[in-house]
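A.B. asks: Sequence:
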Amino acid sequence: MSLELYVSDRLESALTIQYERIKDRRVRETFVRKLEQSLEKLLVESIDWDLKQPTDAQLNYATLVAKQLGIPLPSEAQQYRFHTAMFLETYATQARASANASDRLSSSTSEQK
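If you use the numbering used here, the sequence shown corresponds to residues 203 to 315, in order.
Treat the hints as calculated values from the structure; they're not laboratory data. Any given hint could be a false lead.
What the hints assert, rightly or not - Computed cross-link-like contacts, DMTMM-like style, restricted to lysine to aspartate or glutamate with a CA-CA straight-line distance of at most 25 Å:
1. Lys225 with Glu247
2. Lys254 with Glu231
3. Lys243 with Glu214
4. Lys243 with Glu291
5. Lys254 with Glu206
6. Lys254 with Glu242
7. Lys236 with Asp226
8. Lys243 with Asp258
9. Lys269 with Asp252
10. Lys225 with Asp252
11. Lys269 with Asp258
12. Lys225 with Glu214
13. Lys236 with Glu206
14. Lys236 with Glu214
15. Lys236 with Glu247
16. Lys225 with Glu206
17. Lys254 with Glu291
18. Lys236 with Glu222
19. Lys269 with Asp250
20. Lys243 with Glu206
21. Lys269 with Glu291
22. Lys243 with Glu231
23. Lys236 with Asp211
24. Lys254 with Glu238
Input sequences plus hints: build the corresponding full structure.
C.D. replies: Written as structure tokens, this is what we have:
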């Protein structure tokens, strides 16, 4: 994949100098490692919301819902925020209803004793 990006003249000039420096393998390895880390963070922040990883809270809640209902959490819901949101929209109400029914059952059982 290739993308053409605009950079300022000043940055382009600095990159030209940096390019000359990275001919030295040690400098190149350090620069590439730093660039990979920075670019990864930037790309993660730049992609559309639905393609991002689910938040920890979303994933924890979806895992709890799946466990309560005895169903597997789809792999897509573990990877993408959109699929996690759709899973929760589909099943969270059922899980709450199931939990409420269990609470009512254990309350009435406790009261009978």
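A.B. asks: Are the Cα atoms of Lys225 and Glu247 separated by 25 Å or less?
C.D. replies: Violated, at roughly 31 Å.
A.B. asks: Keeping to a limit of 25 Å between CA atoms, is the pair of Lys254 and Glu206 held or broken?
C.D. replies: holds (23 Å)
A.B. asks: Does the alpha-carbon distance linking Lys236 and Asp226 stay inside the 25 Å limit?
C.D. replies: OK: Lys236 and Asp226 at ~16 Å, within 25 Å.
A.B. asks: Sort out whether Glu247 lies within 25 Å of Lys236, counting only the CA atoms.
C.D. replies: holds (17 Å)
A.B. asks: Is the Cα-Cα distance between Lys254 and Glu242 25 Å or less?
C.D. replies: Between Lys254 and Glu242 the Cα gap is close to 12 Å, so the pair holds against 25 Å.
A.B. asks: Against the 25 Å threshold, does the CA-CA distance of Lys254 and Glu231 hold or violate the hint?
C.D. replies: Distance of about 29 Å is beyond 25 Å: violated.
A.B. asks: Against the 25 Å threshold, does the CA-CA distance of Lys243 and Glu206 hold or violate the hint?
C.D. replies: holds (19 Å)
A.B. asks: Is the straight-line distance between the alpha-carbon of Lys254 and that of Glu291 25 Å or less?
C.D. replies: Holds, at roughly 18 Å.
A.B. asks: Can the restraint linking Lys236 and Glu222 be considered satisfied, given a maximum Cα separation of 25 Å?
C.D. replies: Judged against 25 Å, a Cα distance of about 17 Å means the pair holds.
A.B. asks: Straight-line Cα separation of Lys225 and Glu214 no greater than 25 Å?
C.D. replies: holds (17 Å)
A.B. asks: Below or equal to 25 Å on CA atoms is what counts here, so check Lys254 against Glu238.
C.D. replies: Status holds; Cα separation ~18 Å.
A.B. asks: Could you grab the alpha-carbon distance between Lys269 and Glu291 and see if it respects the 25 Å cut-off?
C.D. replies: Roughly 16 Å between the alpha carbons, so the hint for Lys269 and Glu291 holds.
Consistency note: the structure conflicts with the earlier hints numbered 1, 2, 4, 10, 19.
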